[in-house]
Amino acid sequence: MSATPALLVTAALQRPQELVAYTLRQWEDLVHQARRANVLSRIAQSLGELRLLTRVPPAPRAHLEAALVMAQAQTEAVEREVAFLRKALAAIDVDLVLLKGAAYLIAGLPAARGRVFSDVDILVPFAKLAEVEAALMLHGWTTTHQNAYDQRYYRQWMHELPPLRHNVRMTVLDVHHAILPLTARLKPDSTKLFAASRPIGDKGRLRVLCPADMVLHSATHLFHNDDLSQGLRDLADLDSLLRHFGSERGFWEDLPRRAAELDLARPLYYGLRYASRYMGTPVPSDTRRRADVGRPPRIAVRLMDALYDRALRPVAPSDAGSLTPLSRHALYVRAHWLRMPPLLLAWHLGVKALRREEVTAQ
Amino acid sequence: MIVADLSYRELEHRLAGPGIRLRTGPVVSRIQSRLPAVVRGISLHYAEYPTEEDESFADFHVRVGRPRNVRRWLQPQAHFFVDGNLPFAPLPLDQAFPMLEWGLNWCVSAHCHQYLIFHGAVVEKSGRALILPAPPGSGKSTLCAGLVNRGWRLLSDELTLIDIASCSVVPLARPVSLKNASIDVIRAFAPGAAIGPAVHDTAKGSVAHMRAPSDSVRRGMETARPGWIVLPRYQAGVAAELTPLSKARGLMQMADNAFNYSAHGRRGFEFLVRFVDQCGCYEFAYGDLEEAGAVFDQLAARA
Amino acid sequence: MLWRAVPDDALAWREWDGEVVVFNRQTGSTHLLGELAGEVLRRLMAADRGATVETLAAGLTADPSEGDDAGWTAAIAEVLSEFARLGLAQPDTS
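Residue numbers (this note's numbering), protein chains in the order written: chain A, 57 to 418; chain B, 867 to 1169; chain C, 22 to 115.
Hint data in this document are derived by calculation from the structure and do not stem from the laboratory. Beta carbons are placed, not taken as given, at the ideal position from N, Cα and C, and that holds for glycine. It is possible that part of the hints are untrue.
Listed next, the in silico EDC-like pairs over lysine to aspartate or glutamate satisfying Cα-Cα at most 20 Å (straight line) [said to hold, decoys possible]:
| # | chain 1 | residue 1 | chain 2 | residue 2 |
| --- | --- | --- | --- | --- |
| 1 | A | Lys143 | C | Glu40 |
| 2 | A | Lys248 | A | Glu216 |
| 3 | A | Lys243 | A | Glu216 |
| 4 | A | Lys143 | A | Asp258 |
| 5 | A | Lys248 | A | Asp151 |
| 6 | A | Lys143 | C | Asp38 |
Over the 10 Å line for every Cβ pair with chain B, so calculated as not near, a few chain A residues [claimed, not checked]:
| # | residue |
| --- | --- |
| 7 | Glu84 |
| 8 | Pro116 |
| 9 | His119 |
| 10 | Ala129 |
| 11 | Arg221 |
| 12 | Thr343 |
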């Protein structure tokens, strides 16, 4: 395997204690790259936990503190959303499985600390989808993507309802019935996911995926080419999950078996490959070996490696504005606005269209 | 070193290359651009602002440029890049300097959450801050431009930054943006003020920028204590009248005009209560800038 | 019908000259309450086991000998229904 690309951000994520020795210029590069990769608050969180924030020079420290303010606000927003969600679906006989960030947060996992959140994702049985949707709309959620084509696209081909936005809170909820689109080659069986899911403390019908499934779900994001700009954040999530669950009895032995059962051997291969490559995640060699069964042809791996290297690479000053088609597609940036009406902001700043969705550099 | 220490040619050269590291109050922005309108705008408006050395820390990396493809010839457009990203849709090329200004405001409002950030102008006299929160079209920028030409120090014409720890207002003195009729009004009101060329057909109509008074730039790191929160309303022919506003309503007005108040949660609320408690809150109707200035001078004198 | 305010620790508030601004952690929202609404909320917060519209009205009426004042009751009912909409209080349906 070729040498791990030296990334300022991954070094900072893995060894935050080294940051106290950084020069201002290194801090500048780090803050910009980390913010772009949506992991600035994670780094800030680590430094805070190590009681090292006061040793950061004031100028970069302000950015770390600002990132923590946002992360905390988003944490509270997610907690609120989940509470509202429970209330809205209380009357329905349905188990709600929280996915991704919301799951990490409500289940109290280290992966949630300092994390940037956006939408709330839940998994419900396909048979309950209509009932759930009706209840949500009754409680103020409205579908986005109004046109018939999009609606069909989501319902027929994807694994979720078109995203729902709450009328008052403006928060977005993604209701899934599977973790991959119906059109995807891989077919992880949702029934199996539900069967293995675990309840969360005293939270009624709220559940999370079992550890292996949570890890595999996280790994599928890395495999799904669309949104590679979140790649580093997803890798940080995966690394955190693997380290946390790695101490559970039988976890490493179980993982390849479960991957095969869910038809997710390929994502597991990539997940372990990139987590160890970029985040230094310690993976037992036996698990690595057994996960190799999911490896695609060598050329596919090389292509994926290149795509990843490119997507995670910081943008050099001269690159800005002249990105190649490959990384243009890969660098899909979404700005997160917490409770800030985008139209108000756009008007205030006199700009006709504040693009919050996909933007591409030309 | 200040921007004026560079010759125009040097400025142009730097902006086209490594960029300049411009300090505006607590914020340092590395700015790059090859667009003549931007170079001219920086030369006019930022002449007296400090530029930091390369060993400093730049809070933002911004670039105003043109797309590097066929489009550049078909439809001259300016793009605003932050850290290589494009948060805005492009604008016509002649709006490049306003775009820089709007973009710099966006950077602060989107990222500087160590402060509470409000949409509104803020000026200072006798060490106390006069905050003018206002929805668009309320005339706050005109009033702000008027006041800073009658002895008030400019802290900001767009973003009021409040530091929680010190309970003080932090300056972000940058060019004051004027729209439509205000441009001529201020030209007449302050003939000595440096106002750049007007750009037309923007989303807000015609826009021009007035250079921040030298004093405001020189004192760009000097904070101000809570003073007054005043909601201005311009109406032609109306006599200047200051009406007390309840603090509760003053707080709600601030919250309504905030960029990141919600993000600070309970802590934000408790802080805003403390801040508003120390402010005199008013509504203000006026029809004449000179008269308005006199009213506020009286207010400051009573402090 | 018994009404309950949100838990004590969910609210932060401040009163100035009869007007109240209140922050609700459960919703993340900040509200301005007039004199009557502020008083209703305060009494509701103080009532450990909740309160009915009638008890609230009785507590607010200046002259107890006046008996049931329909005006007060209607006004308070409206305030409570607004509180429900805003998430500051809920009817106890247990």
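* Return the numbers of the hints above that this structure violates; sort them in rising order. => Numbers 1, 6, 7, 8, 9 and 10 - these are the hints that the structure violates, sorted from lowest upward.
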